[in-house]
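> Next come the chains, spelled out residue by residue.
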Amino acid sequence: MIRVSLRLSGPLRGYYRAGCQAKSEQVEIPEASTVGDLLDVYGVPHDKVHLVVVNRRRATLVTVLQDGDDVWTIPLAAGG
Amino acid sequence: MNGWMGTILRVDLTSGALVKQELDPELAKAYVGGRGLATKILFDELQIDCDPLSPQNMLLFANGPLTLTGALSSGRYMVVCKSPLTGTICCSNSGGYFPAAFKSAGYDVIVFTGKAVKPVYLWIDDDNVEIRDASGVWGLDTRSTCSAIQRETHKNARIACIGPAGENLVRFAAIINDGERAAARSGVGAVMGSKLLKAVACRGTKGVRVADPEELLRALTIGDHIKKADLGIAFGEFGTPLFADVMNANNIMPTKNFQEGFFESADLINGAEIIDRTLVRSKACYGCCLNCGRNTRLPANSKYQGRGDGPEYETIFSLGSNICIGDLCTLTKMNYLCNEMGMDTMDAGTTLATLMELRDLGLIEEAEIGFPLTWGDGDNCIRLLEMIGTGKGFGTEAGRGGAYLAAKYGAPQVFMGSKGQGFAGYHPRAMVGQGLLYATSPEGGNHTTGNTIQPEINGIPQPMDPLRPEGKPEMVISRQNETAFADACGVCVFPYMLMEEGTEILADFYSAAVGEHYSERDVRKLGERIFNLEREFNRRLGLSRQNDTLPDRLTKEPHTSGIGEGNVVPLEEMLNRYYALRGWDQEGLPTQEKLHELSIR
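Residue numbers (this note's numbering), protein chains in the order written: chain A, 1 to 80; chain B, 1001 to 1601.
Worth flagging that the hints you see were computed from the coordinates, not collected in a lab.
Careful, some of the hints might be misleading.
Distance ranges between label pairs, derived from CB positions [stated by the list, open to error]:
| no. | chain 1 | residue 1 | chain 2 | residue 2 | range |
| --- | --- | --- | --- | --- | --- |
| 1 | B | L1220 | A | R58 | 35 to 41 angstroms |
| 2 | A | R58 | B | R1539 | 53 to 59 angstroms |
| 3 | B | G1566 | A | D67 | 24 to 30 angstroms |
| 4 | A | D67 | B | Q1305 | 42 to 48 angstroms |
| 5 | A | G14 | B | A1017 | 56 to 62 angstroms |
| 6 | A | G14 | B | G1370 | 45 to 51 angstroms |
| 7 | A | R58 | B | G1410 | 37 to 43 angstroms |
| 8 | A | D67 | B | G1471 | 27 to 33 angstroms |
| 9 | A | A18 | B | G1410 | 27 to 33 angstroms |
| 10 | A | A18 | B | L1361 | 49 to 55 angstroms |
| 11 | B | K1408 | A | R17 | 29 to 35 angstroms |
| 12 | A | I2 | B | K1408 | 50 to 56 angstroms |
| 13 | A | G68 | B | R1540 | 56 to 62 angstroms |
What the simulated footprint calls covered on chain A by chain B, stretch by stretch (three residues with Cβ under 8 angstroms from a Cβ of chain B suffice, anywhere in the stretch; the number is not a length) [stated by the list, open to error]:
| no. | stretch |
| --- | --- |
| 14 | 2-12 |
| 15 | 28-41 |
| 16 | 48-61 |
All values derive from a computational prediction rather than experimental measurement.
Ideal Cβ placement from N, Cα and C applies to all residues, glycine included.
All chains, full assembly: derive it from the sequences and hints.
Below is the structure:
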């Protein structure tokens, strides 16, 4: 198992586990899991995620995660 | 006239003369309204070399042919004048409910000239217009001014006014309407203050005639669709503060005077934090389905107290990350203060950031400011903002803005803006198209003449690499032209920006309102004409390529760690292509052929 940190931004925060008050959540997942696998643990529909950032670099739903990774998911949003 | 009310109201504050002039249909057709029509009037009539704070400057309020029509988000008005912050053309716009009242009173444009002998306000009650004594409200903050003038006029009057900052000629003073909304940028509030014009109060009961009401009713269906889409839901729930997450994740949230693009404490000042700590309710402007406004109250356990609107994302960046304030209550308090004083939160933040960096460089003494001013020091930021608004102590100097201070203290490169106006909250080193947009904006470093988030960050309509210059000049020109047209129509760009086919829909609404068919291509051409007219205005002032610049921090210093690490903005390369595509020479001046093509004289 590996341990990663997941941050669900904006409306996606509704998918945090019940009772989570933190800005991000630590989670254990099997080795070689992808970002998509991690989102499945939380039941986040993949089409709700517009941007994935891992360790402050652009990533995708098929990016394979490593122990200690910081995963950030962002919905679609416009500027103003 | 369908779409327009057909009347320009001219107010000579020197003589007190009020004249109602018929709107020339040909002029309206050529320049639409709002930003376009007002700029054309200014272009034709202003003594171009005037001091922006002298009676010779003109101040124009303009709504557009879609304002009040039922088209999506059709409650916007524009303020146009020669800016005291940049010395260039400017257009500052705002929503709320004042714009609809202004149009329903029967006017498309109000042109203010001259200077009153004593403080006055203008009271427009449909056809009845009078200049009234404002001695009793001079000195009041914007919210108190609104209430007092409503008591003197009508409880349903909608008010646009200045606060102490405008009276004290702060170069980034705003005009605040409905107590909270701001035509914030470029110092339009100082121009109003220089004329001793405290407020404009409007009450209107007229409707606007449109050619095809059925077509405009389509706005309801489209609005409903937007509201139910993911983006619309997110917009309504979080408002623009949602962008704090988006910008920070993309490494484009300007931090510490644009030294970085990532703010460690952004989670403490973002949209979720507002919902959890300060939100009272979300609110919408006239005719809008999005509800992106935030009405907030500071919690009882906060160091500061107050209630008002905000912050928007731009304030979260300018009074938050860019000066390293990671506390929502502190930055919200500063937002309230700027609204009450009537000043732009964005250039207020730019000014603070400039001073903090000047302090770091040892170029300004603490004694000169009167107290320490360091990154993240909320108490002293609040103290300085109060001094700026009220024109006390060092506040008088600081009220001249960041560009002035950076130059005065020997480090012009410290000012993060262009043409004297501070940048918006998008770091161009990791989205270089935004850098080109800042540099070429006729008004300086703003995001209101277009922004590039959709194409560069969201990849809409098609993905493009935010770090590379390819395709950026074409994209920036497109954004600038479509935004100029939207500003001329008197609508908010937000809902149109959220739809891939937004400009086409806007063209349909415009056609339906005025009763003549305009394609998407036609309205882009109208936007291009307006943008070129602004460029011509600036040419008369001697501006050219040498003014389309960015600070070395953006073009020479590599971006910090994260997305875009090591990147800089390749401005000159993009400018060459941008000018060529615009039909301008390499000095950035529209050619005679281009002016002829656009019928600009």
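> For every hint, state whether the structure bears it out.
We went through each hint and held it up to the structure:
no. : hint                                : verdict
1   : B:L1220 / A:R58: 35 to 41 angstroms : 38 angstroms, holds
2   : A:R58 / B:R1539: 53 to 59 angstroms : 41 angstroms, violated
3   : B:G1566 / A:D67: 24 to 30 angstroms : 27 angstroms, holds
4   : A:D67 / B:Q1305: 42 to 48 angstroms : 46 angstroms, holds
5   : A:G14 / B:A1017: 56 to 62 angstroms : 59 angstroms, holds
6   : A:G14 / B:G1370: 45 to 51 angstroms : 47 angstroms, holds
7   : A:R58 / B:G1410: 37 to 43 angstroms : 40 angstroms, holds
8   : A:D67 / B:G1471: 27 to 33 angstroms : 39 angstroms, violated
9   : A:A18 / B:G1410: 27 to 33 angstroms : 57 angstroms, violated
10  : A:A18 / B:L1361: 49 to 55 angstroms : 50 angstroms, holds
11  : B:K1408 / A:R17: 29 to 35 angstroms : 55 angstroms, violated
12  : A:I2 / B:K1408: 50 to 56 angstroms  : 55 angstroms, holds
13  : A:G68 / B:R1540: 56 to 62 angstroms : 60 angstroms, holds
14  : 2-12                                : holds (count 3)
15  : 28-41                               : violated (count 0)
16  : 48-61                               : holds (count 7)
In this structure, the hints that do not hold are numbers 2, 8, 9, 11, 15, in rising order.
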